[in-house]
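Reassemble the complex: the two chains are provided individually, in unrelated frames, and hints are given to aid placement.
As a plain string of letters, each chain reads:
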Amino acid sequence: MALETLQIEHVPSDHHVYAALFRDVQNVDFLQAQLIGKNPEFEYAFIDASVLISRTHLFAAIFRALNTLTEGTLQTPNVHSDIVIGLSPTNNISESYRRYGLTPFKTRDVLVIKVVYPKLSSENSTISSSEPPTPESTWQHLTTHIQGTPVPVTDEELAKSTDWAKVRKYYKLNGVPGVERIDTADEEGRRREMEGLVVSGIALRGL
Amino acid sequence: MDTSPSSPPTKKRKMATDTTAAEQEHQFPLPAILTHPSATPPILITQGAEGRLYKTTFFSPNIPCALKYRPPKPYRHPILDARLTKARLAFEAKVLERCRREGVPVPAVYAQNAAAGWIAVEWIEGAPVRVKINEWLGQRPKNEEEEKAADAKDQGPLVELMKRIGAAIAGLHRTGVVHGDLTTSNMMLRPPTRKTTRTTEQPNGVSEEEAKAKLLEGYVVIIDFGLANQSQSDEDRATDLYVLERAFASTHPRAENLFEHLLESYKQTFGKKGVSVLHKLEDVRMRGRKRSMIG
Ligand SMILES: Nc1ncnc2c1ncn2[C@@H]1O[C@H](COP(=O)(O)OP(=O)(O)OP(=O)(O)O)[C@@H](O)[C@H]1O
Ligand SMILES: [Mg+2]
Numbered sequence: 001m002a003l004e005t006l007q008i009e010h011v012p013s014d015h016h017v018y019a020a021l022f023r024d025v026q027n028v029d030f031l032q033a034q035l036i037g038k039n040p041e042f043e044y045a046f047i048d049a050s051v052l053i054s055r056t057h058l059f060a061a062i063f064r065a066l067n068t069l070t071e072g073t074l075q076t077p078n079v080h081s082d083i084v085i086g087l088s089p090t091n092n093i094s095e096s097y098r099r100y101g102l103t104p105f106k107t108r109d110v111l112v113i114k115v116v117y118p119k120l121s122s123e124n125s126t127i128s129s130s131e132p133p134t135p136e137s138t139w140q141h142l143t144t145h146i147q148g149t150p151v152p153v154t155d156e157e158l159a160k161s162t163d164w165a166k167v168r169k170y171y172k173l174n175g176v177p178g179v180e181r182i183d184t185a186d187e188e189g190r191r192r193e194m195e196g197l198v199v200s201g202i203a204l205r206g207l
Numbered sequence: 001m002d003t004s005p006s007s008p009p010t011k012k013r014k015m016a017t018d019t020t021a022a023e024q025e026h027q028f029p030l031p032a033i034l035t036h037p038s039a040t041p042p043i044l045i046t047q048g049a050e051g052r053l054y055k056t057t058f059f060s061p062n063i064p065c066a067l068k069y070r071p072p073k074p075y076r077h078p079i080l081d082a083r084l085t086k087a088r089l090a091f092e093a094k095v096l097e098r099c100r101r102e103g104v105p106v107p108a109v110y111a112q113n114a115a116a117g118w119i120a121v122e123w124i125e126g127a128p129v130r131v132k133i134n135e136w137l138g139q140r141p142k143n144e145e146e147e148k149a150a151d152a153k154d155q156g157p158l159v160e161l162m163k164r165i166g167a168a169i170a171g172l173h174r175t176g177v178v179h180g181d182l183t184t185s186n187m188m189l190r191p192p193t194r195k196t197t198r199t200t201e202q203p204n205g206v207s208e209e210e211a212k213a214k215l216l217e218g219y220v221v222i223i224d225f226g227l228a229n230q231s232q233s234d235e236d237r238a239t240d241l242y243v244l245e246r247a248f249a250s251t252h253p254r255a256e257n258l259f260e261h262l263l264e265s266y267k268q269t270f271g272k273k274g275v276s277v278l279h280k281l282e283d284v285r286m287r288g289r290k291r292s293m294i295g
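So the sequence lines, in the order shown, correspond to chains A and B. Per the UniProt record's numbering, the first sequence starts with residue 1, numbered consecutively. Per the UniProt record's numbering, the second sequence starts with residue 1, numbered consecutively.
It is worth saying that the hints were derived from the structure and are not from the lab. Incorrect hints may appear among the rest.
[As the list claims (entries may be wrong)] Here are some, though not all, of the chain B residues that point toward chain A, as calculated from beta-carbon distances under 8 Å:
#, residue
1, A39
2, I43
3, G51
4, K55
5, S60
6, P61
7, A93
8, G103
9, Y219
Ideal Cβ placement from N, Cα and C applies to all residues, glycine included.
So that you can see chain B by itself, here it is in the shape it has in the complex (with noise of 0.2 Å):
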């Protein structure tokens, strides 16, 4: 977070009442906070059942930062609308910094106005684990045979970043801390900041095989704790892991065979209790599988 001094006052700021492109594409209208002046105009990201995740920059322009807001419900009691909003807020701003004292990658907390539903955390550079994933299995031969034969010889990258998650998970639950939303989609891989030296070294740039390599290479960073709960309980712990791989197989279904190293590393991280929470694993999913059979 590394900040310059700023420009002089004359400097021409966006302000609220020229971003109206950017908030006729919202569509919707921005937080109040978002209305004030920023060096540039906040982008809608993602625009979810429960609230809306702008990107802007924070306290200096060279800050990038996610905003979530989670606006009034129309339908819910005002009173007891704004309670609950400004509780979950709360909570999860909470949650985000007590993971971070104890080093769990998530995202610091930069700011928040819990009753008036925004939170403002440190921007995750990089994608999605979900987007990383598909990209490298789409690269990968489409013939079942031949991807079987090859899976063998170079998932290594994928096996390797399962892995990561599986001790980023390990973590967090350490923490006391269950993660209640668990996907690729709720998790960040920020590339490696490089050394400059290297490219230096390759002029003629990295080739198809290293790029390749590199494509999965990164920090896992855990993001979303909007569901998140306090819990120790190997019960809850499991269901978060039952989440994931639930999502993760109908995600990344070419990838299903692979979650067991998720697990395993998991187990290792986690020691003696990941080996209680993988047992009640079994049990939530035989509970599941009985309920999809009834339902």
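Bound-form chain A, shown alone (with noise of 0.2 Å):
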């Protein structure tokens, strides 16, 4: 296992965005404690996997945030928690974090994304080493501070983790024409309408 460099179009080439996805997490209270603190070190956004459905759901959030960071409009104070809001489709921005974050005690599988970009020396202030992180480093860090079973970030292994229930909910999914005129038969053809609608939620949001 390593960490991956994510390949998302249209993302410029000098921002780089690694992923790892962990299972069954031990010390979820740790890892939010730290962001809570504003642990420099910690600079991740750490998801709820639960609430994810696939790679194109999590590549959805992770566009528009770094969408937001190259137009200067970001609406938290990093774009790893404007990764984290990114997947919501609304604007109450405490909510998003309960939802799509960490919650001790419930969060069983963490999916972490690291973006590494040049940041204006003003940004720096608060880091004290200026070598940027690289993947090994950044692996060697997660690996030792997140107790938990590293897994490949593939649709099989999110597939694993999605609560269905809490993704309908968050989503509005439930009742809607679009999906239950599909055959309930038809999983995977539901799957994807409904990721469809989930995409088009986090686009539009602020709309």
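Written as structure tokens, this is what we have:
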């Protein structure tokens, strides 16, 4: 296992996006505490994997956040927290953290995203070392501090974590005619349709 | 939208600097979003009055998408122009999402930056309905007499297509949206995804007859909501149908007589409301005729 570098279409070439998935994480409370304490060594997007349905779903939120980063219109303190709230189809930021971020003693599987990009010097003030993190150093750091089993970030592995009841609720997919008209036997057809609606929800937030 | 784990970072990707071929071909500078790397260079599909449509990929190299870009209009005040473009694209995106939730066949929205003038939507495979109907008509007898005789017999697949279009428009209108620019170019015919078992049964391939019957198979998807509006009025709905009727008659004069099947299916699908829309359509036609007599 190693950190995966995500290739996302139409993202600036000097922006690097790394991803990892950890199953049955035992120290979610510790990870959450690092975020709350603004520990500069934990500049990550930590996502509760149960709300993710696929890589495409994940990519939609990352793309959105990178786009706001480029435009200089981040809604939260940094691109990592913007990725977490980027998953939300609604504008309620604290609710979005609760739903898509970590919840100690509830979150089991954790999807981690790390974005490395050329920062303005002013943005670097909190970080003591000037060396940008590499995939190797990031992987080292994650496996040292996350008590869980790393698995590849594939659609198959993500599907194992998905809590569809939550996804349906958060993205308002219950009783939607566009989904209901598809034969219940056509599970893949329904899944695709819902993925389309989830991605649209992410893309349209704020319009 | 299946994705597979992407390739390692060492893989050479198309960079902005080596899309020059594409860019030269385009003759237009690409919108900023398309200057960033993607697995394959964007292709300019159309250059309309309002904007350009590119075929590209989104999120992953295996997800094709249609990216609509509305460049700034040099003759309009820049702030006003930006505001209008943004509002227009935002509305288009919202209409698509609404339709999609309601089960009206339209592309899904992948991403947007309305302020920067673009929206990226699902790429619909297949061809515009216009192309498919013309292909079909092109295979028909050229002689008018023969054609008339043949009409009754084997226009079946085209009649079925007309009905599917009518039903799709009824679904659209039912959600409270009028399209504003209904033409057979603004509808795609997405071929059905075939089960592989059929072809293995027929090692000699499909007969000409069968291929012809398959030409008009598929799912009608409505695209281009650039002029759409929210409306529940009979008048606006009838105008939508009238615009299509006129466009249809001039694009496919040889099939003009089949338009009634579209209207009939619209009415069937829409029920009571459909009846009053078609009633209104007669008024709209009448006014249209008067106007063209004066003009
Ligand atoms: N989602 C799509 N999938 C596949 N092809 C598309 C899609 N959207 C557009 N096209 C192709 O591009 C052509 C032009 O697209 P569209 O009608 O949206 O642009 P336009 O007419 O230039 O827009 P507008 O009328 O708003 O200025 C279509 O006729 C179709 O062939
Ligand atoms: Mg068009």
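Here is what the structure says about each hint:
| no. | hint | verdict |
| --- | --- | --- |
| 1 | A39 | holds (7 Å) |
| 2 | I43 | violated (14 Å) |
| 3 | G51 | violated (18 Å) |
| 4 | K55 | violated (13 Å) |
| 5 | S60 | holds (7 Å) |
| 6 | P61 | holds (7 Å) |
| 7 | A93 | holds (6 Å) |
| 8 | G103 | holds (4 Å) |
| 9 | Y219 | violated (12 Å) |
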